[in-house]
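J.: Starting from the known structure of chain A, arrange chain B on it as the hints suggest.
So the sequence lines, in the order shown, correspond to chains A and B. Using the UniProt record's numbering, the final residue of the first sequence is 528, and nothing's skipped along the way. Using the UniProt record's numbering, the final residue of the second sequence is 528, and nothing's skipped along the way.
Hints were generated in silico from the structure; no laboratory data involved. Yeah, the Cβ is synthetic: ideal placement off N, Cα and C, and Gly gets one too. Be aware that a few hints might be false.
Reference excerpt, derived from the structure (chain B facing chain A, CB under 7 Å, subset only) [to be verified]:
(1) Ile20
(2) Ala25
(3) Leu27
(4) Cys28
(5) Leu31
(6) His35
(7) Leu237
(8) Val245
(9) Ile248
(10) Leu250
(11) Leu253
(12) Met254
(13) Leu264
(14) Thr309
(15) Asp511
Over the 12 Å line for every Cβ pair with chain A, so calculated as not near, a few chain B residues [said to hold, decoys possible]:
(16) Lys97
(17) Ile113
(18) Gly134
(19) Glu247
(20) Ala249
(21) Met310
(22) Thr341
Now for the letters of each chain:
Number of protein chains: 2
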Amino acid sequence: MSASGFAMNIAGDHAQVVLISVFVAVLCLCLVIGHLLEENRWLNESTTAIIIGCITGTIILLLSKGKSSHILRFNEELFFIYLLPPIIFNAGFQVKKKQFFQNFITIMLFGVIGVFISSSIITAGAWWLFPRFGFTGLSAQDYLAIGTIFSSTDTVCTLQVLHQDETPLLYSLVFGEGVVNDATSVVLFNAVQKLDKSKLNGWAALRVLLDSLYLFSTSTALGVVAGLLTAYTLKTLYIGRHSTVREIALMVLMAYLSYTLAELFHLSGILTVFFCGILMSHYASHNVTQSSRITTRHVQTHYMHIFATMSFIAETFIFLYVGIDALDIEKWKLSKLSFRTSVGIYSTVVLLISLGRAAFVFPLSTFSNYVHRRADRLSSISFKHQVIIWWAGLMRGAVSIALAFKQFTYSGVTLDPANATMVTTTIIVVLFTTLVFGFLTKPLISFLQPHHTNNNTSHGEPRSPKEDLSLPLLSLEESAETNILRAKESLSMLIERPVYTIHNYWRKFDDTYMRPVFGGPCRDQSAC
Amino acid sequence: MSASGFAMNIAGDHAQVVLISVFVAVLCLCLVIGHLLEENRWLNESTTAIIIGCITGTIILLLSKGKSSHILRFNEELFFIYLLPPIIFNAGFQVKKKQFFQNFITIMLFGVIGVFISSSIITAGAWWLFPRFGFTGLSAQDYLAIGTIFSSTDTVCTLQVLHQDETPLLYSLVFGEGVVNDATSVVLFNAVQKLDKSKLNGWAALRVLLDSLYLFSTSTALGVVAGLLTAYTLKTLYIGRHSTVREIALMVLMAYLSYTLAELFHLSGILTVFFCGILMSHYASHNVTQSSRITTRHVQTHYMHIFATMSFIAETFIFLYVGIDALDIEKWKLSKLSFRTSVGIYSTVVLLISLGRAAFVFPLSTFSNYVHRRADRLSSISFKHQVIIWWAGLMRGAVSIALAFKQFTYSGVTLDPANATMVTTTIIVVLFTTLVFGFLTKPLISFLQPHHTNNNTSHGEPRSPKEDLSLPLLSLEESAETNILRAKESLSMLIERPVYTIHNYWRKFDDTYMRPVFGGPCRDQSAC
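Chain A extracted, bound-state conformation (with noise of 0.2 Å):
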């Protein structure tokens, strides 16, 4: 899939075919490998294939005799383009739509107000520290530009540690964090880059502010469109009829297509493509089961093995060649900075993120829980929480990288000193925070929240895993307990719990209008 831009920078047919070659192998170390460490306490699938990328980058480097930087060059086309939109699409198929709704209010504060303070912390400390190490020769906007390229979390390596199933509501706010962080730091990133460098007033930040309120919707819009518009189509073409590999093709194509659409029309198509696969999954998947011999869960499983594959062999070959990259001995040889100066702008830059996630975690959550206190206690964010959300999106991955390469590289070439040690700042952090931060991560998510105690955290009544991928927004049996317990007291609650009742008043419009136009399971059974 995605070899073909990494093997165009090469020249020769043979040296292409041994490149991939190579890289296949190494990606299928990594899953053998992966496996195999799956029971270990410290490492996780990512921190392997960052360090088995470092371990091919450094025997290709001795084999070369340290001239093959060139051949592995980090393609943030080939990132964009290829490598996140199946990850993202797969994250929106798979996400839990009840928890990630009823924390949708949380999960935007997190996510757009949260990576504005952040990358207005990280941009003034470094404004401020980073002359004090002798390191000069940034202009403002690449100031601008390196808040925003640190506030993208990783979501993917975080993920690997949080179980949908043990922490649902820490994975939801985590998961639905980096999502929306991703989308919000790219939109600021690209508002950063087209900004006029002559008017950095409080005008310039109000229009950015609303430029991404703007993209926001607009995006959300069309990967909402996009999905519906698959739904619907597979909805009157396939009725009767039994075609799963156009379907899914179909999908996998419209889904795509989404993306491309949002990036032609400079939107978030991180947020299309994952409003997409929200949609893709509420209605669209469901159309498939009606035509079909095998039921519902097993459809549904069958999709997510798809699109899950997909977006697994991206993240893993994701990690690998942020692995492989962080060994390209030219960028290191630009940067003309003592090992002090250095290590001093790396910790910074460590330091400033920390800090800028605490700036909004501890605070937001307060609100967040400031907002439920009506309702019931298992909304509210523990402090316990708020420490493992902060440690969660400390680390920082190939968001990060790529957007590094298209502020300071020209098409992965950069010149001038101080734009290469940016670079190589940003790799280093990269793989400090995914090692040692990942490292650390189950270590202390066990210790804040012992296994027994799992339970305190989860939504609603316990429900077995597997029924629970499937379902759709709410399910039936939660919905005709809920509508006997709360049809009296609908005006009232709609004060006392907001989210609860639009939730209903969303379901009934659903039932009523979407399902018989845009397909999906009867929640009705006497209505289909």
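T.: Just chain B now, with coordinates in the frame of chain A:
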């Protein structure tokens, strides 16, 4: 997946996204239109895709006012490295192994000897006839290459017309021949390209034959080893655990690795990945089921859908691409022949293709019937079948175009009028055979083979098609039945029905030695 290489032809980030969007949108359109036309008597998916491709090409040409020819240049690397492997792997994974191996001798006769006969006739005919139209400028090597280029049939298109369940013997013959034939053409083509031009004699021909045999055996061995290695890894590592995503990823990557390794050692990647697919569906895919709660059939269907989807997208992509590429104005300008000469050359080639195919289908079918004369009537190929086999292999496809580009252009560009003519001739022949012969195939088959006679041609006992999909080489029931019937006459059978007997021995070997090591479903359930 594959748009990357194609996108690399274009400068600029935004233009690339535009083109990918257009291409993906047209692909979606192909899927939907292909579905709507499914019941159509004349059209099939390939012809639809080619027609839509031509229309898209025309629109692009008009929009860019005749200047866009460089954007969509056919890239044979993209084809051989990214599009062909999933198609052939899927073919190996889906092939009905029982029928494939029962007809193994006939398939190899058609696929190997047939290509030699066909390419000799086409080479000789072109050598004799082309100068009579006033078309000169080709070397001896070019003529040899023309023979192999026009000897590779297009399996994809044919298989959309024939059905595995309706006409199993025909399907397995045409399908098997298609795969072996692709491999032989590529092998022969590479042999011709390496040929020392000064020494074109009988010894060189013998060398090509020996080279082919060597390549056949080593490629097959590599595929078998890769498949067994994957099966062994999956069985050893994943026993008692269940991680479908990682397993599917490992299978896909290992299959792809076997392909690139084969290409690396200048073997036939097509054969390698085909046998890798067969081995994986025989052993590896069954290993997952042991630990899974889903039944064997579901997992098998599951895998099939994943691989079939990859293959389906790649196929549609290829035909669309061929259609768009045909409208590339540049090469048409270069070819300086008069309209009359051009039409003469096109019809000569089509005539030679038909002659070359007739020259081996009818004699080799008779020979095969003679060999199978003592076996049951079911294995014999009736004259009607021979006509269908002859006709079904007349279509030429993407392999021909890719080979023509490899021979007559230098990475897609040629300045020699004779070479340009050969490229345009290949495109015209592919379009003509796919469209015209493709249109007529469905009517021809239903004329020669009305539906009520289908069962006459089916092998063995009637069986539900769904069930057959997940069968190992021979089913459990049949195994018991045949064992009783044949136990006492084993030696006489070895003479009279060699294929069945070899099959029997293979099954015993498989059960005793192979399955315990590499996994797969138990035939004898007590032994599990």
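J.: For every hint, state whether the structure bears it out.
T.: Outcome of the hint check:
{"no.": "1", "hint": "Ile20", "verdict": "holds (5 Å)"}
{"no.": "2", "hint": "Ala25", "verdict": "holds (6 Å)"}
{"no.": "3", "hint": "Leu27", "verdict": "holds (5 Å)"}
{"no.": "4", "hint": "Cys28", "verdict": "holds (5 Å)"}
{"no.": "5", "hint": "Leu31", "verdict": "holds (5 Å)"}
{"no.": "6", "hint": "His35", "verdict": "holds (6 Å)"}
{"no.": "7", "hint": "Leu237", "verdict": "holds (6 Å)"}
{"no.": "8", "hint": "Val245", "verdict": "holds (5 Å)"}
{"no.": "9", "hint": "Ile248", "verdict": "holds (5 Å)"}
{"no.": "10", "hint": "Leu250", "verdict": "holds (5 Å)"}
{"no.": "11", "hint": "Leu253", "verdict": "holds (5 Å)"}
{"no.": "12", "hint": "Met254", "verdict": "holds (6 Å)"}
{"no.": "13", "hint": "Leu264", "verdict": "holds (5 Å)"}
{"no.": "14", "hint": "Thr309", "verdict": "holds (5 Å)"}
{"no.": "15", "hint": "Asp511", "verdict": "violated (28 Å)"}
{"no.": "16", "hint": "Lys97", "verdict": "holds (21 Å)"}
{"no.": "17", "hint": "Ile113", "verdict": "holds (30 Å)"}
{"no.": "18", "hint": "Gly134", "verdict": "holds (35 Å)"}
{"no.": "19", "hint": "Glu247", "verdict": "violated (9 Å)"}
{"no.": "20", "hint": "Ala249", "verdict": "violated (5 Å)"}
{"no.": "21", "hint": "Met310", "verdict": "violated (9 Å)"}
{"no.": "22", "hint": "Thr341", "verdict": "holds (34 Å)"}
Violated hints, listed in ascending order, are 15, 19, 20 and 21; each of the other numbered hints is respected by the structure.
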